[in-house]
Amino acid sequence: MTTVPTQLDLGTCYPRVQQFYATQMRLLDERDITGYASTFTEDAEFAHTPGRPPARTRSGIVEDLTDFHRRFADDPMQRRHWVNMIDLKPADGGGLVSTAYCLVVKVRPGKEPVFVSCVMHDVLVDVEGQLLTRSRHITYD
Amino acid sequence: MTTVPTQLDLGTCYPRVQQFYATQMRLLDERDITGYASTFTEDAEFAHTPGRPPARTRSGIVEDLTDFHRRFADDPMQRRHWVNMIDLKPADGGGLVSTAYCLVVKVRPGKEPVFVSCVMHDVLVDVEGQLLTRSRHITYD
Amino acid sequence: MTTVPTQLDLGTCYPRVQQFYATQMRLLDERDITGYASTFTEDAEFAHTPGRPPARTRSGIVEDLTDFHRRFADDPMQRRHWVNMIDLKPADGGGLVSTAYCLVVKVRPGKEPVFVSCVMHDVLVDVEGQLLTRSRHITYD
Numbered sequence: 754m755t756t757v758p759t760q761l762d763l764g765t766c767y768p769r770v771q772q773f774y775a776t777q778m779r780l781l782d783e784r785d786i787t788g789y790a791s792t793f794t795e796d797a798e799f800a801h802t803p804g805r806p807p808a809r810t811r812s813g814i815v816e817d818l819t820d821f822h823r824r825f826a827d828d829p830m831q832r833r834h835w836v837n838m839i840d841l842k843p844a845d846g847g848g849l850v851s852t853a854y855c856l857v858v859k860v861r862p863g864k865e866p867v868f869v870s871c872v873m874h875d876v877l878v879d880v881e882g883q884l885l886t887r888s889r890h891i892t893y894d
Numbered sequence: 754m755t756t757v758p759t760q761l762d763l764g765t766c767y768p769r770v771q772q773f774y775a776t777q778m779r780l781l782d783e784r785d786i787t788g789y790a791s792t793f794t795e796d797a798e799f800a801h802t803p804g805r806p807p808a809r810t811r812s813g814i815v816e817d818l819t820d821f822h823r824r825f826a827d828d829p830m831q832r833r834h835w836v837n838m839i840d841l842k843p844a845d846g847g848g849l850v851s852t853a854y855c856l857v858v859k860v861r862p863g864k865e866p867v868f869v870s871c872v873m874h875d876v877l878v879d880v881e882g883q884l885l886t887r888s889r890h891i892t893y894d
Numbered sequence: 754m755t756t757v758p759t760q761l762d763l764g765t766c767y768p769r770v771q772q773f774y775a776t777q778m779r780l781l782d783e784r785d786i787t788g789y790a791s792t793f794t795e796d797a798e799f800a801h802t803p804g805r806p807p808a809r810t811r812s813g814i815v816e817d818l819t820d821f822h823r824r825f826a827d828d829p830m831q832r833r834h835w836v837n838m839i840d841l842k843p844a845d846g847g848g849l850v851s852t853a854y855c856l857v858v859k860v861r862p863g864k865e866p867v868f869v870s871c872v873m874h875d876v877l878v879d880v881e882g883q884l885l886t887r888s889r890h891i892t893y894d
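In order, the protein sequences belong to chains A, B and C. So for the first sequence, the numbering used here puts the first residue at 754; every next one is plus one. So for the second sequence, the numbering used here puts the first residue at 754; every next one is plus one. So for the third sequence, the numbering used here puts the first residue at 754; every next one is plus one.
Calculated from the structure, these hints are not laboratory results. As the structure is a computational prediction, the values presented were derived from the model and not from experiment. Errors might be hidden in some of the hints.
A pair counts as met if it fits within one copy or between any two copies, since identical chains are not told apart.
[Said to hold, decoys possible] Only pairs whose alpha carbons sit at most 25 Å apart, straight line, appear in this in silico SDA-like list of lysine to any residue:
#1 LYS864 to HIS874
#2 LYS842 to PHE825
#3 LYS842 to ALA800
#4 LYS842 to GLN772
#5 LYS864 to ASP828
#6 LYS842 to SER870
Could you put the whole structure together from the sequences, leaning on the hints where they help?
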């Protein structure tokens, strides 16, 4: 039987999650798909696009994103994932439920940036001292 | 006579304020006006729109926002309040003076997001272990 | 010989850097160029625009920004520098390597905000208890 702490040590958790998102999203924005997948647990689930089945496991995420990114192959677009307004709660059985706003900024040469607003619903866990995403579901505004 | 600390314990205050804004603004963005008002002190003052008198007390905030939100009744708009660049200082008599940038993202189906840039001038206080907004004044760019 | 810690105390560093960027960028956004320059070390280097040589030293930064801001003299524009997705690493010989996303929001009366997306590459150091920028290089998307 697991117990859930009623209150998080925000002083420790919060900056750690911010640092984690900063490095995780930069990997994605630099199109380092393998690096990005390695910030998920081995058994992770990642649902990023409505109507598309969630990717499962690290190798499944690599495969899914490689396929998904094909649409960007000829697109000189720099994406920037901004994550903020992070709401942390203790997760059942340990880990963190993290709900955060995400604004995707898409920049193309000589054009005004384009924005996509969404909400990330994450479960984050500590695996041998490393924070990892166990599950991520994105909802779009 | 109250004494004001010259330096804040940022490691404790800063993540706490970020977590507070995340939950507070999500209540507003989900149009839970009563929930949002409950993140203010009983005697709070909230001035959100130039030329409109500030709302006072929790019930006054509920009344004011219920009235204000009527203009959105038929508008399929999702608002997202992004708060960042938070500058914390100790407040006279305890509490925190928090000055922060706020970017309101307004998303309507099939349209590009619309943005409003403003600055929040808050006084935050701890009431029985809960962080609450005692006063909020918004200035618009 | 200096030693570099392999792991940062994020609970201390992270909020401190966020508070630092909040005050530093507000000075810039309020066009307090001298105040902004004082958040750099005496021997700092600041490269903010491609094709323009970096400014060096505090007085060099004041001179460079005074010159640079002339183009805004008749422009009723309010800039807001949003810094987020901060990635902190220990710097060689002490201090912090901070890599962060920066979104510059430019607001003009009656117009939609205009955005510029860039990445800040900073080295931050503690000088007698004050965090200061030793070097800043900006890359644009």
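To see whether the hints hold, each was checked on the structure:
1. LYS864 to HIS874: between (31 Å within a copy, 24 Å between copies)
2. LYS842 to PHE825: neither (35 Å within a copy, 31 Å between copies)
3. LYS842 to ALA800: Cα proximity of LYS842 and ALA800: one copy only (20 Å, versus 30 Å across).
4. LYS842 to GLN772: both (17 Å within a copy, 10 Å between copies)
5. LYS864 to ASP828: both (13 Å within a copy, 21 Å between copies)
6. LYS842 to SER870: within (22 Å within a copy, 29 Å between copies)
Hint 2 from the earlier list is the only one contradicted by this structure; the remaining hints agree with it.
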